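This is what each chain is made of:
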Amino acid sequence: MTTYRELLARTKTEISEVDARGAQALDGAAWIDIREQDEWQEGHLPGAVHVPRGNLESRIETTVPNKATPVILYCASGNRSAFAAKTLEELDYTNVHSLTGGFTDWKRNGLEIVMPRTLSPEKRTRYSRHLLIPEIGEAGQLKLLDSRILLIGAGGLGSPASLYLAAAGVGTLGIVDADIVDETNLQRQIAHSLETLGMPKVDSAKRALNALNPDVEVVTYRERLTSENIDRILDDGWDVIVDGADNFPTRYLVNDASVWRGIPVVHGSIYRFEGQVTVFKPHEGPCYRCLFPEPPPPELAPSCAEGGVLGVLPGMVGTLQTNEAIKLAAEIGEPLVGRLLLLDALATEFNEVRIERRTDCPVCGDHPTITEYIDYVEFCAR
Amino acid sequence: MSVVRVPPVLRAEAGGKREVEASGATVRELLEDLTARVPALGAKVYGAGVLQSFVNVYVDGEDVRTLRGLDTPVRDGSTVILLPAMAGGC
Chain A
5 MTTYRELLAR
15 TKTEISEVDA
25 RGAQALDGAA
35 WIDIREQDEW
45 QEGHLPGAVH
55 VPRGNLESRI
65 ETTVPNKATP
75 VILYCASGNR
85 SAFAAKTLEE
95 LDYTNVHSLT
105 GGFTDWKRNG
115 LEIVMPRTLS
125 PEKRTRYSRH
135 LLIPEIGEAG
145 QLKLLDSRIL
155 LIGAGGLGSP
165 ASLYLAAAGV
175 GTLGIVDADI
185 VDETNLQRQI
195 AHSLETLGMP
205 KVDSAKRALN
215 ALNPDVEVVT
225 YRERLTSENI
235 DRILDDGWDV
245 IVDGADNFPT
255 RYLVNDASVW
265 RGIPVVHGSI
275 YRFEGQVTVF
285 KPHEGPCYRC
295 LFPEPPPPEL
305 APSCAEGGVL
315 GVLPGMVGTL
325 QTNEAIKLAA
335 EIGEPLVGRL
345 LLLDALATEF
355 NEVRIERRTD
365 CPVCGDHPTI
375 TEYIDYVEFC
385 AR
Chain B
-3 MSVVRVPPVL
7 RAEAGGKREV
17 EASGATVREL
27 LEDLTARVPA
37 LGAKVYGAGV
47 LQSFVNVYVD
57 GEDVRTLRGL
67 DTPVRDGSTV
77 ILLPAMAGGC
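Same order as they appear, the protein sequences are chains A and B. The numbering of the first sequence is our numbering, which starts it at 5 and goes up by one. The numbering of the second sequence is our numbering, which starts it at -3 and goes up by one.
Derived, one-sided and incomplete: chain B residues facing chain A with beta-carbon distance under 10 Å:
{"id": "1", "residue": "1"}
{"id": "2", "residue": "14"}
{"id": "3", "residue": "40"}
{"id": "4", "residue": "52"}
{"id": "5", "residue": "54"}
{"id": "6", "residue": "58"}
{"id": "7", "residue": "59"}
{"id": "8", "residue": "75"}
{"id": "9", "residue": "80"}
{"id": "10", "residue": "81"}
{"id": "11", "residue": "83"}
Once the Cα atoms are required to be at most 25 Å apart in a straight line, the calculated SDA-like pairs of lysine to any residue come out as:
{"id": "12", "chain 1": "B", "residue 1": "13", "chain 2": "A", "residue 2": "350"}
{"id": "13", "chain 1": "B", "residue 1": "13", "chain 2": "A", "residue 2": "354"}
{"id": "14", "chain 1": "B", "residue 1": "13", "chain 2": "A", "residue 2": "304"}
{"id": "15", "chain 1": "B", "residue 1": "13", "chain 2": "A", "residue 2": "355"}
{"id": "16", "chain 1": "B", "residue 1": "13", "chain 2": "A", "residue 2": "356"}
{"id": "17", "chain 1": "B", "residue 1": "13", "chain 2": "A", "residue 2": "276"}
{"id": "18", "chain 1": "B", "residue 1": "13", "chain 2": "A", "residue 2": "314"}
{"id": "19", "chain 1": "B", "residue 1": "13", "chain 2": "A", "residue 2": "353"}
{"id": "20", "chain 1": "B", "residue 1": "13", "chain 2": "A", "residue 2": "312"}
{"id": "21", "chain 1": "B", "residue 1": "13", "chain 2": "A", "residue 2": "347"}
{"id": "22", "chain 1": "B", "residue 1": "13", "chain 2": "A", "residue 2": "310"}
{"id": "23", "chain 1": "B", "residue 1": "13", "chain 2": "A", "residue 2": "349"}
{"id": "24", "chain 1": "B", "residue 1": "13", "chain 2": "A", "residue 2": "357"}
{"id": "25", "chain 1": "B", "residue 1": "13", "chain 2": "A", "residue 2": "315"}
{"id": "26", "chain 1": "B", "residue 1": "13", "chain 2": "A", "residue 2": "351"}
{"id": "27", "chain 1": "B", "residue 1": "13", "chain 2": "A", "residue 2": "311"}
Honestly, the hints are just simulated from the structure, not real lab data. Because the structure is a prediction, the values reported are computed rather than measured. Backbone N, C-alpha and C define an ideal beta-carbon position, used for all residues, glycine too.
Excised from the complex, chain B in its bound form (with noise of 0.2 Å):
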């Protein structure tokens, strides 16, 4: 089982949770146990397959567009972070 923290502007399709849990050896799976335990969360961050492009993923502090994409492992107890942009220097 690993942390997904969810960016703020995500957590009301969370429930409000600022983390939630998901597993997968990969962020593939993790995406789709994402999905299939927070739908609309993981409906506006991945869908048919695809990571949205707006969204970065770190698995540990590591960027997985850098490593091996959804194919990145995934450790148990790993953090994962779901990172859009924001723009707001207000």
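Only chain A is shown next, with the shape it has when bound in the complex (with noise of 0.2 Å):
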């Protein structure tokens, strides 16, 4: 009959320890953290990666995938390490050490630990659908609540946006918008409502996003975007910018100034049954004026107050807008730089063309000959 000491002590034998000393000379390793969540909370060694012991076998080889890479495990006390160090052996790890006295030892030594960042237990349940997908998880999820994130336009594109964005966590959103709720908003605009017609959009926005989720923090800012205001606005630091504007001089104010600071647009613009979806990213990708580098004539550029759109379309482009947001405030997939997404609601029927940032663009170009701004009316008047 072997008893738990027994097999400790035979086990140890079994498997490389180290102490802290040992273990800093090991170039290149990973450190793994098999304790529980709430010891974790309670600090951490630097540089750490938090694999409960429990999720070991399952999670280490997405975590350490080169299996001749030092492993360095610990847990409080060196026993619980000292096992998951035979475990990794067994998954053919080659170098695989645990860290004697753990984590108690390490700090009575007066060695440098790390207090982590975590959820609280409120927003590990309302997130707990992101926390579950590996991409984003806790750390994805902190950086949604970190970014800063403004709405050119809390309209048919800004109010699926803007409700999705909040209720993703995200924590901070700056809504730009000078109008007022009327009754023909309400076909599509699903932030607005009967209670708040005659409201600014803005207002009645910042209500129905506070009602859905009081983490985030709603900037407004009850104004039409100009030449004037648009760096006041800019100056408060934003991470992205998605552009639900409904005229031509917006788009390219909104364009000019994002370039010159460095800032990504997630673009979206409708008409009838039919939309368009890019991102752009300033120097990495092109840029709205490399797509378009004029805009149509005003008898081909009716708005959807004279030519009509379909109810549900902005709430199609508006997520689509939004899930381009959520993955560059997370940092994680593929965004659409580079790629202009076209749907048509009548056929569904969604196409993608190539688009190329071009070295002669005027303002994100080699040799850029717009450098500050324009008299955007009429530039788009022309």
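Got two chains here, each in a separate frame; can you build the complex from them with the hints?
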């Protein structure tokens, strides 16, 4: 009959144990903390990755893909990590060590520890479906909570975008819009309601977003974006801009400012049954002027108020924009950079065309000729 | 013969059609054939041997301006997209 003590003693003879100094001498080692969540939250070793003992076998190959990498395992005292080291050897890891004395001795000896940033229990519950996705997880959710996204327009595109960004836990949402909610908006602008008719759209949207997720700080700008106010608004610091403007002068203005400041813009535009979505990431891909050096003449650029729009279309395009904004904020996936997605809701057809940065682009090209704000209304009326 | 996708703002010029047919071995020939078949549409996007600067033309997903412009070859059965900017976020 083997007892726990006997098994532990035997296991320790079969694996490699190192002390703090020995572990620090192992170049390029992966430090794995195998303790439970509550222990991790009370502090961990610098640079360590948390893989609880119960998930070690299933997660280690994604955490440490190369089985020749030196691996240092630690727990509280060096016992659980001894068993864990044996397990990794069975998984053919060839350079595995258990830290003697574990976290307790490390801390007692006055070596550096890190207090992790973690989500509160309430946030763990709210964002649990994000936390379960490996590409997001706790680190990704913390990035979203830290991120600041500016929405141009709280109308058709801004409504679904702001609601889903708030639901996703984007920490700060800015909204720029000068309009008032009216009855014709309610066919598609789902952030507003009968109760907010007559209210400024930014206030109506803020009310809806606060009701959905009080974690989100909503910053409102009840004004029309112009060359005069854009610098003040962008000086508040934004990681991503979601462009749902309803006119060409604003689109070119947002483009120029975002290129000069290096802020990615998630572009969406709609008309009747058709939509266009792309991401303009300054200097990594094309900008709006690379795609459309000039707007169409006014008679070929009717607004939705003139030509109409299917109510659900801004929902489709606005949520595609939100997906891109979340990926940019969480730094995951392949954003729509250099690709223009075309959506035809009547045929239910998606097409994609390639777009390239123009070296002769007047704003983001190799020799820019536009380096300060121009008269955008005049430029678009030519 | 190629399929030419008509943007919504130009459908009135194409008798309401989402797509029309045109043929040509290059973009120039195709636009000239388009102008002969659907003069109102052709006149909006192409005139006097010049492509209007506000319209992007994609042949099988590639912008002809990044290829050989009006000399870009068009295959039989290619899809050609005419695309002006849309402003709406409404």
